[in-house]
Every structure is written in C-alpha cells, then in structure tokens.
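J.: Spelled out, the chains give:
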Amino acid sequence: MNAAVLPPSLKELDPEVREEIDDCVERWSDQEGNLIMILHEIQNHHGYVPRGASLLLAEKTGVPLARIYEVLTFYHYFRLVPQGEHNITVCNGTACYLKGSARLLAELEERLGIKEGQTTEDRLFHLETVRCIGCCGMAPAMVVDRKTIGRAAPADIAGIIGEIRNRVENREESHEQAS
Amino acid sequence: MNKPVDAAWKQLRDGCAAAPQDAWIRVGMDSGGIAAGAERLFERLAREVAAAGHAVPVRRVGSRGYAFADPLVEVKSAGNPPVLYGRVDDETASAIVSEHLGKGRLLDGHILGSRRRAVRIDGPVSAILVRDSSLQGGDKTEFFRASFEAELKEHGFLETVQVVGALDLGLYDEGLVVRLLPSGVTYTNVLSRDISRIVAESVAKQTVLDHLLWSRPDPQVRVVLRNCGIIDPESIDDAIRHGAYEALAGALAGRTPEQVIETVKTSGLRGRGGAGYPTGLKWELTREPAADRKYVICNADEGDPGAFMDRSVLEGDPHAVFEGLMLAAYAIGAAKGYFYIRAEYPLAVKRVSLAIQQARERGLLGDDILGSGWSFDAAIRLGAGAFVCGEETALIASIEGRRGSPEPRPPYPSVHGLFGKPTCINNVETLAAVPWIIAAGGETYAALGSGKSRGTKVFAVTGKVRHAQLVEVPMGTSVREIIFGICGGVQDEVPIKGVQTGGPSGGIIPEKHLDTPITYENLLELGSIMGSGGMLVMNENDCMVDVAAFYLKFCVDESCGKCAPCRVGGYQLLQLLLKISKGKGRPEDLAQIRRICRTMQCASLCGLGQTAANPVLSSLRFFEEEYLAYIEGGIPYARKLKKAMEEGRNLKDAV
Chain A
2 MNAAVLPPSL
12 KELDPEVREE
22 IDDCVERWSD
32 QEGNLIMILH
42 EIQNHHGYVP
52 RGASLLLAEK
62 TGVPLARIYE
72 VLTFYHYFRL
82 VPQGEHNITV
92 CNGTACYLKG
102 SARLLAELEE
112 RLGIKEGQTT
122 EDRLFHLETV
132 RCIGCCGMAP
142 AMVVDRKTIG
152 RAAPADIAGI
162 IGEIRNRVEN
172 REESHEQAS
Chain B
7 MNKPVDAAWK
17 QLRDGCAAAP
27 QDAWIRVGMD
37 SGGIAAGAER
47 LFERLAREVA
57 AAGHAVPVRR
67 VGSRGYAFAD
77 PLVEVKSAGN
87 PPVLYGRVDD
97 ETASAIVSEH
107 LGKGRLLDGH
117 ILGSRRRAVR
127 IDGPVSAILV
137 RDSSLQGGDK
147 TEFFRASFEA
157 ELKEHGFLET
167 VQVVGALDLG
177 LYDEGLVVRL
187 LPSGVTYTNV
197 LSRDISRIVA
207 ESVAKQTVLD
217 HLLWSRPDPQ
227 VRVVLRNCGI
237 IDPESIDDAI
247 RHGAYEALAG
257 ALAGRTPEQV
267 IETVKTSGLR
277 GRGGAGYPTG
287 LKWELTREPA
297 ADRKYVICNA
307 DEGDPGAFMD
317 RSVLEGDPHA
327 VFEGLMLAAY
337 AIGAAKGYFY
347 IRAEYPLAVK
357 RVSLAIQQAR
367 ERGLLGDDIL
377 GSGWSFDAAI
387 RLGAGAFVCG
397 EETALIASIE
407 GRRGSPEPRP
417 PYPSVHGLFG
427 KPTCINNVET
437 LAAVPWIIAA
447 GGETYAALGS
457 GKSRGTKVFA
467 VTGKVRHAQL
477 VEVPMGTSVR
487 EIIFGICGGV
497 QDEVPIKGVQ
507 TGGPSGGIIP
517 EKHLDTPITY
527 ENLLELGSIM
537 GSGGMLVMNE
547 NDCMVDVAAF
557 YLKFCVDESC
567 GKCAPCRVGG
577 YQLLQLLLKI
587 SKGKGRPEDL
597 AQIRRICRTM
607 QCASLCGLGQ
617 TAANPVLSSL
627 RFFEEEYLAY
637 IEGGIPYARK
647 LKKAMEEGRN
657 LKDAV
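As you go down the protein sequences, you meet chains A and B in turn.
The first sequence begins at 2 in my numbering and counts up one residue at a time.
The second sequence begins at 7 in my numbering and counts up one residue at a time.
Be a bit skeptical, because a hint or two may be false.
[Claimed, not checked] Here are the simulated SDA-like cross-link-like pairs (lysine to any residue), alpha carbons at most 25 angstroms apart as the crow flies: (1) B:Lys588 x A:Thr130; (2) B:Lys211 x B:Val167; (3) B:Lys342 x A:Asn35; (4) B:Lys356 x A:Lys61.
Hints in this document: simulated from the structure, not taken from any laboratory.
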C-alpha cells in the first residue's frame, strides 16, 4: 500500500471528514448491522475507504479496527487506495469472456502501460476487471467513468483513451490560459 | 372479507387511475438500454415530440427482454396497435416522430415482431411486415418487400397498405415470414408465387390463407416479466394501474397467512435462485417457530457471471418483487424485510429505493397497512461483491455487517436466521412470481410446467447465440426450443458445442442433450443445475478445458477460505487444469481431478464449495476428448490452440 495515502493519525484527520463520518454514524445508529452500509457511504463519497475514516469509525461505533478491516478486505467492492481520475472497468463475466474480454483487457494494458488493478503513474487512469455488470446482451462490455460501452472491440480502445487524454490536455491548457 | 381494507385499497387504486391513453412512446431504460444510449434517445424523443406538437407522452420503462436489439422504443399511435422498434439510433428516433407519429408510416428495418399470434383478419390491412427468416443463405427480405409493393401497386393498394422490412419477427428457419397488421396474422415459408394470392385474398378480401398460416402458440409465457417493459418502474401509480399490489390488498382483506401459504404450496413454486426448494414449505417452516421478531429477505445478490434476470426484473418491475416480499412477510408473520442487492447494480438499487419510498407514501408500507392492522417495514442492504453471499447463511452474516462466511446448517435460517431470529430468504424471481400466483390461483400456475417443476422460468440467454435475450418459458421447455426457436439459433453459423447453465455452480449440456426438457431433476441428472437462469451458448470455437478453468478460477477467487475442501481443493484443481491447458498434463491427472472434485462435493461446508467442481466434472464427462487432446498433443498443441482462441479462430482448423 502507498504510504502517502495513509493519514498519520486520527488527530490530523480533516475536520470535514470527521463531521461527515459523525453524521453517517448518527444516521445509521439505530439500525442493526450497519457497518457495511456505513462503509458504502464512505466509499461513495471518497471513492475509497481512507484509513483515517476507518480509525474514526472504530472509535465512534466501538467496532474494533480489525473487524472493520476484516470486512473491507473480504469484499471485493471496497477499496483501500484511491483510484485514478478516470476509471476503466472491463467486464469479465462469462458472456464477455467468451466474446473476447481478454483481448480488450490486453489492449488496455498495453495502451496504458499498467496491469489490471493498477493506476497509471500520473493517476489519470485506473484499470480493473469486474465479475459481471449484467449487460451480457451486449458482450463484451466495459465501463468507462460509469458509462457502459457495449460490444466493445480492441480497435475502439485507442480512441476511448485518446479522447480522455485530449479532454484533460484541453482542460489543462485552458487552466494555463486563465492563469 | 375485511371491508375497511377493501375500501381503503379501492380508494388508493382509484386515486391512481388515469384516462386511458391511446398514444404513447415507451423507451426501454434498463442498464442494457441505457448502455446502448436510451437516455439520449429519451431526451431526443421528448424534445422532438413536443416540438412537433404531438400530445404523446414519452415514458421510461424497463426491458422487454430483447437485449440484442437495445435500445428499444415502443410506439403506439392513436387507433393502431403498438409497434416495437429495436436498434434505434438518433436518426431513427427522429423518424419515429416525423414518419410514424406524423404520417402514420412505419420505419423500415427496425421493427421487432410482437409475440402475438392471430388467426383472423378483422379489418382492412394497414401494413405488411416481411422478414426472411432463413438461417442460411442471403437475406431476401428486400427482394420480397419490393415484390409485395409491385403486387399491391397492381391492385391499387399501394396508397393504403405499407410494406415494411422487419428487423426480427420472432420466427426462425421458416423461410419468408409475412405479418399483416393490424391483425397480426402471420404467414410462414411464403414463396414468390404466394404473393399474388396473399394480396388478392388476404389484403383485398380479408380471408386467411390456412396453408400458410402460422398458428403454433407462443412458447413464451410471461409471469415474472409480466410488466417489464410495460410499466414505468419509477412510478408506483403506473404499477398500480397495471395490477400491482392487487394481490397484497386481496390477501390483507380476505385471506389468512395460512391460506396464502396454501396457495403458494398448491402452485408448486420452487426457489428460483437455483436450489429449487419448495417456496410454500419454506414459508410454512418459517411461520411455525414462535419468535418475537421474524424477517424476510429478498436475495438480489445476482452474482452469476453471465446472468441478468434479476437485474432486469428489479429494474423493470421492482413493485412485483416488493409485493412478493410483503406477501411472504404477511404469510410468515414478519414485520421487517430486507432487499440484499448487489452494489454493482446502481440502477436496480435506485428503483427499489424509489418503490419502497413510494409505497410508504401511499400507505402500502409502515404501520397498519390499508387499515388491516398489519405492519411491515422494508430497507435495502447493499452487497459488496462477494459471490458466496448468495449462500443463505453468508448473506445473513453480510446483512449483520460481518464478513460473509457461511455457517453450517442446521440450524436453518427458518429457525435461527438474521439476528438469531427465524428468517425466510427468497430470490428475486421467486418473489416476483408470488403476486401473480396469489391473484391467479395456485392451480393456474401449477398448470404450467412439467413433472415436479411447475410454472415458468426466466433465462438470460447469452454467449454465441444469434439473439441474446431474456426469455420466460414454462418449465419443461427444451434447451433447443429456447436457443433455436426463440433466440434464432447460433451466431455466425458456427455449430453449437454445448449450453452452460447454472454459472460457476452448474455444468455444460452438450449438443446431443439439447432436447432434454428443462426441469430441476433433468438438469441435475445431466450434471448441471437450474441455477439462477443464466444460459450460455458455446460453439465449436470454445475450448471446454479453458471454460472449465474460467469457472473454477471464479470459485477459487470467491472461496471464503473457511473450509479446506473448497480452499485447498479448488486451488489444486485449478493448478491441474492450468497444467493441462499448457500442454504439460499427464494421463493420470484426470483421475486426480475426479478425486478432488468428489472430495469437494462431499466435504465442503456450503453450496459454493460443493458445486465449484461441477463445471470441471461436467466438461470431463462430456468433453473428455478435449482434455486427452491436450495431454496427447503436449505443448505444441496447447500453443496452437491458445493462439487460435486469442484470435477467435476456428479451433478445429487450428490444430
């Protein structure tokens, strides 16, 4: 795990995050078995579950940190490190697999220079696979920044990545001009 | 009969009533449709309909099941039957407004035939749909379309009768298929010489030509999918207009919980999540123990890769599932229910939340529902990507906020379940069938099906099939009928090798057994299981050793690690399969594989481990020659095959 993403201690936790977690724990306080739902909310907000948030959660709910991490590491859905700015997910359900999701993934890995589960050095792209997104009728499918692309072909990959890169470059240029 | 409940329900139902609309547009906005651009179409249609001044509402609906033709748009213009369009792009959407609504002209190349069969022509023919359904050879649709036009012109009908090439009419290998609108009378195997007779008899005199008439009943029966693609899943009023909550109100007004259980028992409904446990019996067993609290849970953690039935139902008709959950709660005496839904299905989560919220606003959820004195509350709990959580005890652990490790049974959840209380867990499809059963009667449902498997089953047919889609058929329908009769056969004319059912817990049904009627028992006999309803078509270009390894890898990844047979056995099995698929296998490996498989089946703690070996055993049973070819061919063979697979080439030619 990247040491830089670990907040050193609970004391240095952003007050805003503290407030938000207080809030969240409060809202779920009267529900039995609320831990997973609270973790979902934290991940929805941050894109991952920061260690500081788990520390605070342990303190607030009395659930030992080890229990929280037991849950976080058991379920595939929870992330402990932030993703890239743009996330690309290749569906690896059976229908997609039969129709060549491995070729899609190989093309993405080559173009981005990272392996599945990794983030590019500039944190621009994060690449991962998912079990099944239920879009088997349009296999092979991939999800780019929450937008599902059906019947994807390796030949489309260059265009998809290029389009995101262009957008980011344009944005940076206009930033420079503005400043 | 509890009169106040009845009166409260009638008031609620009448409050939702709206004047029937003779014209509307429905856009299929399930995840699949949205991925294909349905949101953009929805906005475009709404904008252009308004701009053209048509008083036609544009509505959001779930999926009709024709996944291969997403996005779907259904159009009903005043006085005409609805027409379903598939593969609609921006241009087609504009044409729907300008041509279909504006001029009453149907669009060429996009129409999907309705499944209605008709035997009479009652009024003047307005349009003729043509489609060449031959599975081989060139598409002659355009040729026949032109021939019909020429014939109509000769008889002076060209002004009143439009000839349209359809995208698909739901019939295959029946030569040229011709459907007359608005009646829906369908002719098959039409030859050039029949055209003049069709025009002279059917168009001019409205006489049905019996020797061409297609009169076989539709193999599909829509029970679970009854409202999918028809109602707006985000509006409870629309759902109530289409009969939602009628069964619940009826039960609250005039039936005891025991009577509800009896009806479900009569229906013969069995768990649609895969194991096939009788639903009525499960309810009875959960009703029996005395407890201060009981729970009902809807298992919507559809983790099978390659299956999307539950997602489609939750996205298309969440109210059916919710009503089923409430009926289950009423029957067993539970006051609280949970939907356990995959976090990977955000749209389903959103629509179920809306359904719960709207039901609460209408007084269908909360204290003293409809004045019956019965109270019930429901909430959503999200799954977090763990396949094992489909297993009852692991699912309960997950709702309790723990890691999803299965526990030994007994005690069964019906005695000791969620928070230690009696709990009934049913699958999405099971629950969605319940309101229909309560409304129509147990006997009506039991009349469908075969043997000990009654009613209907939804299948998600995908893979190397021509038209991937959602189908709902009575139990006892053969796999061949589903693949060839409903889904149009194989893709790209590559022969079928087998059909996988039951996902990572199931097996592969080889081509020679495709005529087997689908029942829980028959599938078990073939070494597969019903599973949740994924049906993956595999053709000659798919390597069975590779497929077995794919499924096994899934189970190895998903094993919770609690018991050794699953944790260690799965890993060792996978190593053996990978060794063979690299061409390094030895003949004695197969015996070893069989031994490990048996151990896993006998000694694993939960369903995941017990069934994880099924795909391996099944492929070994029917496709042992593929394993032997790897072992005999060694590394050169494995390399050639791998290369062919990567390039999607024919495996037979490759070696």
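J.: Would you mind marking each hint as holding or not holding in the structure?
T.: Status of each hint after checking the structure:
no., hint, verdict
1, B:Lys588 x A:Thr130, "holds (24 angstroms)"
2, B:Lys211 x B:Val167, "holds (14 angstroms)"
3, B:Lys342 x A:Asn35, "holds (15 angstroms)"
4, B:Lys356 x A:Lys61, "violated (29 angstroms)"
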